[in-house]
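> For reference, the chains in residue letters:
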Amino acid sequence: ITEVCGAKRVGYFGPAQFYIALKLIAAAQSGFPVRIESIKNELPLPRFMALKNDSEVRYGTPAELHGVKFQVPHATLEKNSYKRTDEGEKQEPKSPPMSPICSPPASPSTYQRIPLSYGYGKSRSGLEQQHGAPYEIRHSTHQQDGPSSGNYGAKPALACSTLNRSLSAEREQPDSSAHYSDDPWRITEEQRDYYINQFRSLQPDLNSFISGSVAKNFFTKSKLPIPELSHIWELSDVDCDGALTLPEFCAAFHLVVARKNGYQLPETLPETLLPEYLQAASLKPMRDCSLFDSYSESLPGGQPSRDFSRTEVRRAEEVPDNSALLQDGKKEDKQALKVSTALKTIPKEFQHLTVKTAAQESNALKPRPRSRSYSSTSIEDAMKKGEEPPTPPPRPQKSHSRASSLDLNKIFQQNTQAVRSGWLPPPPPALPPRPSVSQTEQVSEVELHPQMNRPPSQAEENSSAKKEVVLAQPPSKPARRKLRTETQGLETPELSPTINVTSSLPAVKPHLPVQKQSSKQKRAIQTAIRKNKEANAVLARLNSE
Amino acid sequence: VSIICSSPQNYPLYIRSVPTENELKFHYTVHTSLDVVDEKISAMGKALVDQRELYLGLLYPTEDYKVYGYVTNSKVKFVMVVDSSNTALRDNEIRSMFRKLHNSYTDIMCNPFYNPGDRIHSRAFDNMVNSMMMQVC
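Those protein sequence lines, which keep their order, are chains A and B. In terms of our numbering, the first sequence is numbered consecutively and its last residue is 545. In terms of our numbering, the second sequence is numbered consecutively and its last residue is 137.
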């Protein structure tokens, strides 16, 4: 087995060799011949009663473990940016997180469980640091991800080149040699670049969507059966808006590639394919490394970062498709990963949210639990609060009934304010329906206005005077008021210029109404915007149906 | 309890019943209730579509069970048959169940690989319906 797995050749058991060795042990125990091809079979877990000592010895002294620990996060953070073989080779003598030379067979889940449970669980049980804990718990998870897969998930250049070749052949060859080393659901750098290029070919703006029909045509070219494509869409379109953003597209593409390479489609979207994860992963690894180093140094202060990442994970966990697969243990698993990504996902989320405001609003009906995580809640909530409540509708006078004196008071007080600030055009709105009447009214109002500049005691006098005017000319009053309300509406921009022109009041300073008109125009525009938003929401809903 | 989603042309897009015995009876009941749904829709024929409520309420009670209806703006009908003995189910809960159904249906429609009028095979929809029925039973 040692010879077959390659350990003899390279002189030590790196992770790749170790995995292959374990697989061969399982094969041998199941009665298969000890050859490289036999590891491709579906094998049960090998029985390891005797191997315990070996794994402990292999992971050696605490000092070595310590060194490994620090290397682990470092490599962890290079999640998808596996500077593979270069750094892999360098790191190989130092620590586990490096690139395996050979690619593992087509049973990744069982395959990875073995080294995780034995390699890390036993040897690191003594470690109290935050990095020890995740690996202990890791063996209870059945979805490989996070730091250890980050360690082992670096794809060799070999596999990548084969993968590239297979991809470049337009995904039509199920290339069985292009197996991702440990995690089929993790997108490598080359794959990501390829997907991004494909995205660009469909939609030049990387921050925008690919519509459903375009995506459908594209993915149909992969010759997968329609129900499977339908399922892939369901998995990858996380926000269910009928369009794919760049991370969603990468996830969908990745699932198609995986399917073509023979992997079964998962029931729910793997975590590494979540849009938030993919967006975070697209960030530069260097920054992540430096961030994480600072965290790893503050180990006693690791608690807050742990909580931080836990909530971040919870947020990611609660994306609806993932409820089944994510366990509590994953919180700790993720922290090495998410501690750095958490900080980055917040600004990314911000952008993400700005891009997808419409999607969020249309999903207002769904109980999207994203806001439960406190770490990212503030920004998301702020974004949501900024989007969802419409601008306060300027409806100052719609509730006024026609002949109420209180209303007159209010009107006059508003008029006084307007007079102080500028010339409020109660006269101008009155013009269109009854020019003659309103003109006389305006004259009377001009007389009244100087009086109105005094405190409310005058207002009553004015109101009584106004009442007389009301009684004298009842039809014009409502018209005037209605027109004043209409000034808040859409007609203001059209009415006011004409009104200003036709106004013959000597006291009216023409330029002052214009200033007032602009604020009224603003209000008018705001109501118009609000109405349009409401209409849009209704139409969007109809559209989605 | 049984849930049926039927197209505007009144053929079923999705049928699910729990428990599975007497399924035929449920199917028959739902089929007859489609008549009632159509009647309710056409009753407000003159009124604008906006004014029509999507939730149609109790269509008719029989001795054993109650039938609730819901119709979307695109005339896709959801009919739910529940046991009369299950008195814990209030109107609001039925409404929320229909809302969830409607949302899941909308999600299915967003999928470009779904052609309207096909049978619904979506796993997400199945999961949602299963969880709802577990709640009720």
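Since the hints were made in silico from the structure, they are not lab data. Be aware that one or more of the hints could be misleading.
Covered stretches of chain A, as calculated for chain B (at least 3 residues, CB under 8 Å) [stated by the list, open to error]:
#, region
1, 191-204
2, 240-247
Here are some chain A residues pointing at chain B (derived, C-beta under 7 Å) [to be verified]:
#, residue
3, 207
4, 210
5, 229
6, 230
7, 233
8, 234
9, 539
10, 545
Lysine-lysine pairs mimicking DSSO-like chemistry, simulated, CA-CA at most 27 Å apart [claimed, not checked]:
#, chain 1, residue 1, chain 2, residue 2
11, B, 75, A, 216
12, B, 40, A, 533
13, B, 75, A, 533
Idealized CB from N, CA, C, for every residue including glycine.
> Which hint numbers doesn't this structure obey?
Violated hints: 1, 3, 4, 9, 12; rest satisfied.
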